[in-house]
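Those protein sequences? They're chains X and S, same order as listed. Counting from 61, one number per residue, gives the positions in the first sequence under the numbering used here. Counting from 61, one number per residue, gives the positions in the second sequence under the numbering used here.
To be clear, the hints were calculated from the coordinates, so they are not data collected in a lab. Hints should not be assumed to be uniformly reliable.
The list makes no distinction among identical chains, and a pair is therefore deemed to hold if it is satisfied within one copy or across any two copies.
Once the Cα atoms are required to be at most 30 Å apart in a straight line, the calculated DSS-like pairs of lysine-lysine come out as [claimed, not checked]:
#	residue 1	residue 2
1	Lys197	Lys387
2	Lys247	Lys362
3	Lys222	Lys320
4	Lys320	Lys393
5	Lys107	Lys393
6	Lys246	Lys271
7	Lys271	Lys333
8	Lys107	Lys247
9	Lys247	Lys197
10	Lys387	Lys246
11	Lys222	Lys246
12	Lys320	Lys271
13	Lys276	Lys107
14	Lys333	Lys246
15	Lys246	Lys320
16	Lys107	Lys333
Since the model is a prediction, treat every value here as computed from it, not as a measurement.
Protein chains: 2
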Amino acid sequence: MSEERTEVSSLGEFGLIDYLTRNIEIQQAGTVLGVGDDAAVIDHFGKQTVISTDMLLEGIHFDLMYTPLRHLGYKSVVVNLSDIYAMNATPTHITMNIGFSNRFSVEALSEFYEGVYAACERYGVDLVGGDTSSSQKGLVISVTAIGEVAPDQFVKRSTAQKGDLLCVSGDLGAAFLGLTLLEREKKVYREHPQLQPDLENQAYIIGRLLKPEARKDIIAYLEEQDVRPTAMMDVSDGLSSEALHICRQSNLGCVIYEEKIPIDDQSRQQALKFGLDPTACALSGGEDYELLFTIRQEDHDKLVLSEQISVIGYMTDISEGAHIVTKGGNKFKLVAQGWNAFEQ
Amino acid sequence: MSEERTEVSSLGEFGLIDYLTRNIEIQQAGTVLGVGDDAAVIDHFGKQTVISTDMLLEGIHFDLMYTPLRHLGYKSVVVNLSDIYAMNATPTHITMNIGFSNRFSVEALSEFYEGVYAACERYGVDLVGGDTSSSQKGLVISVTAIGEVAPDQFVKRSTAQKGDLLCVSGDLGAAFLGLTLLEREKKVYREHPQLQPDLENQAYIIGRLLKPEARKDIIAYLEEQDVRPTAMMDVSDGLSSEALHICRQSNLGCVIYEEKIPIDDQSRQQALKFGLDPTACALSGGEDYELLFTIRQEDHDKLVLSEQISVIGYMTDISEGAHIVTKGGNKFKLVAQGWNAFEQ
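Make the full structure from the sequences, and use the hints.
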């Protein structure tokens with residue numbers, strides 16, 4: 061956070077919006093009208109509009125003690141774009157509502173918006189609206205992402221077929237391990253404020269938590285390879301939970317092979333340091349923002365060259381249930397133990 | 061609030077969404093995919109998409125001590141639809157994010173959603189997505205409204221012309237007086253809990269605060285009369301503030317005649333009881349959700365029969381500034397004293 065501190069009240073609400081949106085550059089040809097009126101106007105030129113929305117609340121979804129505001133702004137956008145990509149669509153616009161207490165200065169909000177704009181630029185989306193408001197306590201963020209897709213080319217969760225291969229992008233479990241690490245360091249810091257945090261060699265897992273990316277590249281690759289997933293969603297609550305969503309919504313079962321689940325070496329090492337099972341971190345960790353999707357078996361060879369896509373199992377008849385086959389050859393029922401916001 | 065109390069944790073997050081969205085009936089032909097996937101899909105059939113979003117925070121925007129949850133759900137939707145109408149567009153879809161602490165039961169959330177669905181039904185919009193989340197404290201609501209408009213038929217704030225007539229729908233100031241009344245009764249109740257609240261004959265002003273409507277009827281009437289406003293916005297922060305927005309964004313001045321400002325008799329009487337100037341309530345009160353718009357002078361006769369539209373002044377050159385002419389014939393500079401969220 062920079063050292064200057066400008067009180068928000070010195071700008072007023074409209075002054076603040078003007079200030080925070082002063083550098084917006086419109087990137088989308090379809091943006092007919094952006095920030096500054098009652099609503100934004102978008103021309104999708106005959107495509108279908110795809111909408112997703114998410115709320116991030118301080119103390120529930122993030123901890124400002126170890127989350128830089130710039131990263132938080134970036135992540136707030138990215139987690140919403142991830143949902144649009146998960147529909148096989150292209151995000152084009154976002155709106156951003158934030159509520160904040162008077163402990164936030166204009167400089168702090170500017171840092172947050174720097175992250176927002178960095179994400180907009182990287183993913184080619186326009187910020188076209190939103191609301192700033194005071195809150196009694198804590199930072200409240202709500203983002204809506206709008207995208208487009210050629211008519212009926214979107215991919216749902218409910219359309220996987222028996223025999224389809226279950227695939228996942230990137231690797232899993234790292235964000236959860238990053239969170240576990242930062243929570244541990246926070247606890248140490250509280251007990252021994254003089255100690256320096258021990259974050260050596262942890263850049264990958266911390267980065268996965270604090271600054272995730274949406275898998276735009278995977279959607280582009282699938283299109284290049286002319287592979288249309290039969291079902292798709294993003295992994296925000298852990299592999300188990302998401303695989304069970306696809307099963308339930310497609311009315312199928314599945315088999316996942318433990319040895320096929322992609323886990324980065326740093327994640328694996330960190331899990332072992334914590335005395336955690338790396339596979340359990342991947343299954344239940346969450347916040348990976350990878351894509352979980354199913355493809356027809358005949359498309360397998362088209363994806364075999366990508367190091368970013370792992371085939372981890374296949375879809376079965378619903379009567380066979382959803383299972384994981386361990387490295388030792390045992391078969392266990394898949395259970396969703398993902399992060400449940402209501403059990404905290 | 062009903063007497064049963066079901067803990068949210070007994071349903072789980074996905075169970076809760078399923079439960080709260082179980083009665084959704086799709087009303088819009090353009091709704092290709094609604095709740096239950098990563099995102100919703102909308103087909104606008106070649107029209108432009110209009111997007112608006114707003115956040116409502118407990119303790120800042122509403123007080124649950126005197127706001128029934130059903131009304132709050134209704135109002136959360138309506139205030140967003142109002143922005144879409146203010147673009148001369150038709151709302152078609154909404155998404156709704158809510159965050160709530162564990163003091164809210166499933167029954168309480170159901171009441172809130174009853175109001176949401178009542179508004180959706182009344183205005184013919186589909187709820188197509190959203191997120192429920194726990195919050196550390198207080199109820200947090202964020203709504204995004206999506207609408208459609210025939211290409212380039214939307215109406216901005218910045219396109220009023222010199223000489224245009226300034227018009228407003230309905231009447232102004234009532235919601236502010238309803239708020240003042242309820243805040244007074246809350247104070248009385250806290251000091252003397254045995255006293256019954258004195259809300260006799262106050263249904264109108266309280267209703268205007270707790271259950272506002274968006275002026276869909278005015279947009280329909282203008283279209284019937286073949287009048288396209290030259291500029292338009294909705295009145296959420298008080299007439300002064302909004303008139304100054306139109307002036308600033310259209311690069312014009314204006315004159316408003318005090319005697320022409322529509323104020324309901326109940327509002328007038330209540331203002332006088334409180335020792336307030338009724339005109340000041342209309343100018344600075346806010347939350348009326350009426351439409352403020354400008355029309356060409358030649359369109360005047362087409363609107364003269366509507367009792368729901370008042371011509372309150374006209375647009376001038378910017379060099380003449382923005383003024384109000386009082387009943388006594390004095391001229392004062394118009395100043396925005398609207399509710400400022402950052403000065404509370």
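Comparing the hints with the structure gives:
1. Lys197 / Lys387: neither (48 Å within a copy, 44 Å between copies)
2. Lys247 / Lys362: neither (47 Å within a copy, 70 Å between copies)
3. Lys222 / Lys320: within (19 Å within a copy, 70 Å between copies)
4. Lys320 / Lys393: Within. Shortest intra-copy distance 17 Å satisfies the 30 Å Cα cut-off; inter-copy 72 Å does not.
5. Lys107 / Lys393: neither (41 Å within a copy, 48 Å between copies)
6. Lys246 / Lys271: within (19 Å within a copy, 45 Å between copies)
7. Lys271 / Lys333: within (23 Å within a copy, 56 Å between copies)
8. Lys107 / Lys247: The answer is neither: 50 Å in one copy and 54 Å across copies each exceed 30 Å.
9. Lys247 / Lys197: Classified as both; 23 Å inside a copy, 23 Å across copies.
10. Lys387 / Lys246: neither (35 Å within a copy, 64 Å between copies)
11. Lys222 / Lys246: neither (46 Å within a copy, 61 Å between copies)
12. Lys320 / Lys271: Within one copy only: 25 Å inside, 55 Å across.
13. Lys276 / Lys107: both (19 Å within a copy, 27 Å between copies)
14. Lys333 / Lys246: within (17 Å within a copy, 56 Å between copies)
15. Lys246 / Lys320: neither (33 Å within a copy, 62 Å between copies)
16. Lys107 / Lys333: neither (49 Å within a copy, 56 Å between copies)
In terms of the numbered hints stated before, the structure departs from hints 1, 2, 5, 8, 10, 11, 15, 16, listed from lowest to highest.
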